[in-house]
Amino acid sequence: MRFLTHKKRTKNPALVSVLLFLLLAVMTCVLQSEAMSLDWINLKAEAAMTLILAAVGETMVLLIGGIDLSIAGVISLTNSFSAIYMLDSGSSIISVSFACILMGLAVGLFNGIVIQKFKVQPFIVTFSTWFICGGIAYLVLPKDGGKPPVSFANAMVTKIGGRLSVAVILIFLLTAAWLYFKKTKLGIYMYAVGSSDKAASLNGINVFRVKLFAYAASGVFAALAGVYRTAVVTSGSPTAGESFFNQAIAASVIGGTLLTGGRGGAVGTIFGALVLKMIADILVFAGVSSYWSTLFQGLLLIMAVLISTVSEIMKDRKEMLA
Amino acid sequence: MKMKVQRHQTLIVSYLIAVILFAAISVYKPGFASIDHIRVLCSEAAIIGVVAIGQTFVIITGGIDLSVAWMVGIAAIMVTNTTHGLDENLIWAIPFILILTTLFGVVNGFCIAYLNMPPIVMTLGMNTVLQGGLVAVTQGAPGGAAPAFVKKMGQGSVIGMPYLILIWIVLAAAVTLLLFKMRYGRELFAVGNNATVAAYSGISVRKVTLTAYAVSGLTAGIAGMLLAGKVGQSYLGIGDNFQFQSIAAVAIGGTSLMGGNGNYLGTVAGAFTITIILAILAALNLPFGVQKMAYGIVVLFSVLMSVRKGLRK
Chain A
1 MRFLTHKKRT KNPALVSVLL FLLLAVMTCV LQSEAMSLDW INLKAEAAMT LILAAVGETM
61 VLLIGGIDLS IAGVISLTNS FSAIYMLDSG SSIISVSFAC ILMGLAVGLF NGIVIQKFKV
121 QPFIVTFSTW FICGGIAYLV LPKDGGKPPV SFANAMVTKI GGRLSVAVIL IFLLTAAWLY
181 FKKTKLGIYM YAVGSSDKAA SLNGINVFRV KLFAYAASGV FAALAGVYRT AVVTSGSPTA
241 GESFFNQAIA ASVIGGTLLT GGRGGAVGTI FGALVLKMIA DILVFAGVSS YWSTLFQGLL
301 LIMAVLISTV SEIMKDRKEM LA
Chain B
323 MKMKVQRHQT LIVSYLIAVI LFAAISVYKP GFASIDHIRV LCSEAAIIGV VAIGQTFVII
383 TGGIDLSVAW MVGIAAIMVT NTTHGLDENL IWAIPFILIL TTLFGVVNGF CIAYLNMPPI
443 VMTLGMNTVL QGGLVAVTQG APGGAAPAFV KKMGQGSVIG MPYLILIWIV LAAAVTLLLF
503 KMRYGRELFA VGNNATVAAY SGISVRKVTL TAYAVSGLTA GIAGMLLAGK VGQSYLGIGD
563 NFQFQSIAAV AIGGTSLMGG NGNYLGTVAG AFTITIILAI LAALNLPFGV QKMAYGIVVL
623 FSVLMSVRKG LRK
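Chains as they are written, first to last, in my numbering: chain A, 1 to 322; chain B, 323 to 635.
The reader is advised that the hints may include incorrect statements.
DSSO-like cross-link-like pairs, simulated, lysine-lysine; straight-line CA separation at most 30 Å [what the hints assert, rightly or not]: (1) Lys-119/A / Lys-44/A; (2) Lys-44/A / Lys-315/A; (3) Lys-351/B / Lys-318/A; (4) Lys-117/A / Lys-198/A; (5) Lys-315/A / Lys-529/B; (6) Lys-119/A / Lys-473/B; (7) Lys-198/A / Lys-315/A; (8) Lys-315/A / Lys-183/A; (9) Lys-44/A / Lys-198/A.
Don't read these hints as lab results, they were simulated from the structure.
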C-alpha cells in the first residue's frame, strides 16, 4: 500500500526560480534604485530574450529526456544568415526570418530522426550538428559583422502602446502559450515520454513523434533566438551561439527542469534565464571584472545541476527510509 | 584465424580508413608522403593520441569528458608561465601541473560518480570554469616561451625518431597492458557494459568511474605540456581543438560511445585519421568553416557506423 501513502510531488518545480527572481529583483531595486523604471525593465527583457528563446527550446528536449547541443550552432547560423541577407524591406525581413526558422526546423528534425532511427545518444548527434551548423555559419559570415536593416531592429525594440517593449510582451505570450500547451495532448505526452518512454509507448503514445516534435521545437526556438539576436545586437557573428548551450541548460535547471526528463517546464526556464541575467548584472554592479564572468557562468551551471541531483539523491534516501 | 579477423574487424577498418585517406592524398599531393611530412603528421597525431587516452577510458565507462580542452590549455600555459621558460623550474612545475590536472579530473569524477551529475554537463561546466579561471587569473594575457627541455620533447628527435612519438608509443603500450591485462581494465569494461551487474560482482563502480576521469585529467596534462613544447609557446585557447578531436579519435577508432567496449589501438588509428583529415583540409586550402563542417560530418558518420555494428551484434 506504499503507493497510496506516498506523498505526491505537488510542489511546483518553477517555484525556486520565481522566488530567486523576486529576491534578485528586490536586491536590484535596493542597489540601483535610481535606475528602476519601465524603460529599465524593457531593456532587461530585451537583453534576456535571446537566452529565453534558446532555453525554452532546450527545456522541451530536456523534458523528453534528451539534450540538444546544436542550439549553439543554430543560433550562430541563423544570426549570421539574417545579419547578411536581410534587406530593408518588409518582405525581405519576413522571408529571411522564415528561412531561418526553416533551417532551425530542418536541423531539429534531422537530430530527432537520426537520434531515434540509429539509436545514438542525443549528445553526440547534436554535438556533430552543432559543428556542422557552426561551420556553415563561418562560410556565411567569416567574421563578425553584417548590416541588418535598422527597421528590423527598431521593430523588435519598439514599444507597444509606447510603454512595454516587444520582449516583455513576448515573455507574457510565451508563458501563456506554455501554460496552455502543457495541458494539451502533446504536452501531456511529452511529460509521459520523459518520465518513461517504455511506459508511454505501452500506453499507445507514439514516442517517436513526440521526441521528434521536441527536437524540432528546439531547433525552431534556437532559430528564433538567432534572429532575435540579430535585431538586438544589430550585427551577426559566426560564434554568436557558442555560450548559449551552457546558459540554456543552466536556465532550465535553475527553473526546475530535471536533466533526466519528465519534470519541469518553460515557465521556470523563463524565470531561470531572467535570474541568470540579473546575477550577471549584479556582478557588474559589484565591480567584478568581466574576466571573471566566464568562471561564474561555469560555476553557476555546475551548482545549479548539482543542487538538483543532490536533492534527488536526498529524496530517494528519504523515500527508502520511509 | 577467421575468428581473430572478425574480432578485430573494427580495428582493421579504423586503420584502413587512415591508410586509404593517406594514399589518396599522396597521389594528389606528392610531397605529402615524404619522410619529413610523415614525421610532422606523427607528431601531431601523438598529441591527439595522448589526450585521447583519458578520453578512451572515460568513454569506455559510458561517460564523456568535454573538459580536456582547457585542461590541455592550463597545462600548456602553466608550463610556460610558471617556469618563466627556465629548465630548472621544471623539477617542481611538471609534478605540480600533473597533480593539478589530475585533481580537476578527480573533481569531475567525484561529481559524476558520487553525486550523479550528468557527465556532459559536469565536464562542460568544468571546461567553462577552467577557461574562466585561467582568463581571470592571467587577466586575459598569458603566454611566454616554453623551457628548453619541454621544447626538446616537443620538437626534437633521437636517431630520426621524434621524442613525441617515443613518448606516445610508451604510453600506448602501458595503456593497452592496463586495459587488457590488468584488473582495472577488466573492471572498466564491466562498468561500461552494465554498471548494475558490475556492482553486484563486487566492483566499486564509483571508484572505477572516478579513476577514469582522473586518468583523463592526467593525460590531458601530459598532452598540454607536450603541446607547449611542440608549439614553442602557449596562448589562450591552445587546447580548444582537442575537445572535439579526442572524442572523434575515440569514435573513429571503434570505441562505442555507449560504453562497455573499445580498444586504445583503435583510438591510435582514429588519431591518425583525424590528423590526416586535418592535413588534407589544410592542403586543399579550405576555409575554416568547411573544416568545422567536415569534422562534424566525419564524427557523425563514424559514430553511426560504430552504432550499426553494435546493433547487428
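Here is how each hint holds up against the structure:
1. Lys-119/A / Lys-44/A: Roughly 41 Å between the alpha carbons, so the hint for Lys-119/A and Lys-44/A is violated.
2. Lys-44/A / Lys-315/A: violated, 36 Å
3. Lys-351/B / Lys-318/A: violated, 67 Å
4. Lys-117/A / Lys-198/A: holds, 16 Å
5. Lys-315/A / Lys-529/B: With a Cα-Cα distance of about 23 Å, the restraint between Lys-315/A and Lys-529/B holds, given a limit of 30 Å.
6. Lys-119/A / Lys-473/B: violated, 45 Å
7. Lys-198/A / Lys-315/A: holds, 24 Å
8. Lys-315/A / Lys-183/A: holds, 27 Å
9. Lys-44/A / Lys-198/A: violated, 42 Å
Of the numbered hints given earlier, the model fails hints 1, 2, 3, 6, 9; all others are met.
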